[in-house]
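Fit chain E to the known structure of chain Y by using the hints.
Protein chains: 2
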Amino acid sequence: MSAVDFENVAVSTRVRLARNFSDYPFPNRLKSEESALEIVDLLSAQLKDVEDFKLHYMDTLEPEKAEFLKERNLISQALIDNKKYSAVLISSDRKISIMINEEDHIREQYFMGGFDLNHAYERISGIDDIISETIPFAYDKTLGYLTACPTNLGTGLRASVMLFLPALAQTDGMKAVVRDLKNAGLTARGAFGEGSSAEGHLFQISNEVTLGVSELKLLQAVEKAVCIVSAKELSERERLVEREGYTAFTDRILRAYGVLSNCFTIDFSQFMQLLADVKLGVAMGILDGSLQQLDVLLTEMRPANIDRMNGSPLSGAEKDLYRAEYVGRALHGMELLTESKRSKLSSER
Amino acid sequence: MSAVDFENVAVSTRVRLARNFSDYPFPNRLKSEESALEIVDLLSAQLKDVEDFKLHYMDTLEPEKAEFLKERNLISQALIDNKKYSAVLISSDRKISIMINEEDHIREQYFMGGFDLNHAYERISGIDDIISETIPFAYDKTLGYLTACPTNLGTGLRASVMLFLPALAQTDGMKAVVRDLKNAGLTARGAFGEGSSAEGHLFQISNEVTLGVSELKLLQAVEKAVCIVSAKELSERERLVEREGYTAFTDRILRAYGVLSNCFTIDFSQFMQLLADVKLGVAMGILDGSLQQLDVLLTEMRPANIDRMNGSPLSGAEKDLYRAEYVGRALHGMELLTESKRSKLSSER
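Chains as they are written, first to last, in this note's numbering: chain Y, 1 to 349; chain E, 1001 to 1349.
This is chain Y alone, in the form it adopts within the complex (with noise of 0.2 Å):
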């Protein structure tokens, strides 16, 4: 593979693993809420001295840190829909989150910043072995894991990564790769979760088929995909570009990072689509600082964690005023534009 900046479009990485014990039937079939707290109890008895894993009960959970939870994409709407039989265990560096009772027994989840399959799926490889090691886990020989859902059957694996592409999603690139992916057994849904749509550019490629293929090949079918498709971003920034021409592409950047910094109020929405100008800046040169620094924002920014920074819960148009200051003196911090750096951009045209 030729050497591709995937710094500046690869933003996080995620594996998952769907699976079932043997001696229980599926949560949705567990006929007591105490067998279903069994497993609770058992895994994080089991769990317990591997990682500084905090156990959560969904039942007693506050409404709010079940949503905050969620907007970190460390449980799933389904782990509070079943919030009487649910928990999830997630590590203090919340990498790594086991959710307990959703639609499978358990999902076992490592989540990191940046662009490293092998290295997640290693992490969450060795929680399972150690799962495993004392709760059998419900195997067939022909078929691999059992799931609650056919699609997870097999090998119950769900690599993904988050990908940043604003050039692909603004030009019609998208369409081709989106067909290309599906072509593969893959799939590009917008980053906030299936049927969302791309709000801020940020799509995440991931298998479709877990079954009748090994783990390392699913591995290596989504690496693959996630070089090609940089690859095509990368190429299609510079054609933007060329197409709008150096000082209306400069001005369209800047002017976003304009607005971003100083407005007094700006809703979710508005917010990621200036993010994705601003952070398209900075991989572009235009703009100083990383992308790393900006995407702490797409998380910070959403509603339930500005509650959470806030100490209290804030009505819509509170949040939107606390997002803008925030963010006004987050960015003016970041130093993305400074007298010289603007001296710069206007020699280099």
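Keep in mind the hints are simulated off the structure, nothing from the lab.
All of these numbers come straight from a predicted model, not from anything done at the bench.
Be a bit skeptical, because a hint or two may be false.
As the list claims (entries may be wrong) - Residues of chain E placed beyond 10 Å of chain Y at every Cβ, according to the derived structure:
1) Leu1030
2) Ala1045
3) Lys1054
4) Pro1063
5) Lys1084
6) Gly1113
7) Ala1148
8) Val1178
9) Glu1199
10) Val1213
11) Glu1223
12) Ser1235
13) Gln1293
14) Leu1321
15) Arg1329
As the list claims (entries may be wrong) - For the chain E half of the interface with chain Y, some residues (derived, Cβ under 8 Å), not all of them:
16) Ser1132
17) Thr1134
18) Pro1136
19) Tyr1139
20) Leu1254
21) Arg1255
22) Tyr1257
23) Val1259
24) Ser1261
25) Asn1262
26) Cys1263
27) Glu1325
28) Lys1344
29) Leu1345
Beta carbons: idealized from backbone N, C-alpha and C, even for Gly.
Using the frame of chain Y, we list chain E on its own:
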């Protein structure tokens, strides 16, 4: 008159007198270049020791310099068109200009920042008295001063005050203002001369009638109108905030500031629009700084002035880049929106 905050409405004051000499035919009937230039000689000799005047013969003035003087309202297009015979005397502080052989033999003008019709009239009247001591004016006991165009007959006086009327312009208030002014023998027009639209929400209020009324009455009529219109504008600004709401209004101002202080390219028309919002923000206390500081940009950022500052002519696209960079640096230097100001805005909502 009640206390009106003119600082936030009145931009500048101008008083001009149209005069002709009895011993020469009107400029359009001057038979030879010689007699026309005789007037120039006579006048410049007469005023040599009065002010630090500089004489420019329009015939030999570079077109760029002529355009520059026109942008500053020190000369008119008619003077440029008449360049074979015309000249101008300009004081070193650029407050006094005396156009020679424009439509009339002389057009004496005093121009100043702020609102002070009496001061402006006294200053230009002083010059007028000195000239009349040795060069007799064409004067009729019944009609008054004789002028080439009957609209200037009588006093030959035009008293103008430039007003910044963003609230009246954004609501429907201007229509009623224009009607009322017309009934009082006054007129309101766009800042850049007759027929020009009100770019940057700048309107010039001046007397239409010059005949049959004393200079004092004319000045008083304009002064009164300025007071009334300014008071209307100020109350309309309060209503503007009430109608838009503090948050939406503040957001609009801050976004205009953000774009204007960060854009990479901007044409004069959009610059004027955004500057008007920034000025409104300063006037309403949403931004720090002073309108006077910002109004300097209004003159500096006009095309011919940019060429002058650059030292050589720029293309239109180059001017737009120059403007964006210059305005950005100037606005950052003015510290209109510091971190502490921002915090204050949030706490005040």
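Here is how each hint holds up against the structure:
| no. | hint | in the structure |
| --- | --- | --- |
| 1 | Leu1030 | holds, 49 Å |
| 2 | Ala1045 | holds, 48 Å |
| 3 | Lys1054 | holds, 34 Å |
| 4 | Pro1063 | holds, 27 Å |
| 5 | Lys1084 | holds, 42 Å |
| 6 | Gly1113 | holds, 28 Å |
| 7 | Ala1148 | holds, 47 Å |
| 8 | Val1178 | holds, 33 Å |
| 9 | Glu1199 | holds, 21 Å |
| 10 | Val1213 | holds, 49 Å |
| 11 | Glu1223 | holds, 38 Å |
| 12 | Ser1235 | holds, 24 Å |
| 13 | Gln1293 | holds, 18 Å |
| 14 | Leu1321 | violated, 7 Å |
| 15 | Arg1329 | violated, 7 Å |
| 16 | Ser1132 | violated, 53 Å |
| 17 | Thr1134 | violated, 54 Å |
| 18 | Pro1136 | violated, 57 Å |
| 19 | Tyr1139 | violated, 57 Å |
| 20 | Leu1254 | holds, 5 Å |
| 21 | Arg1255 | holds, 5 Å |
| 22 | Tyr1257 | holds, 6 Å |
| 23 | Val1259 | holds, 5 Å |
| 24 | Ser1261 | holds, 6 Å |
| 25 | Asn1262 | holds, 3 Å |
| 26 | Cys1263 | holds, 5 Å |
| 27 | Glu1325 | holds, 5 Å |
| 28 | Lys1344 | violated, 11 Å |
| 29 | Leu1345 | holds, 7 Å |
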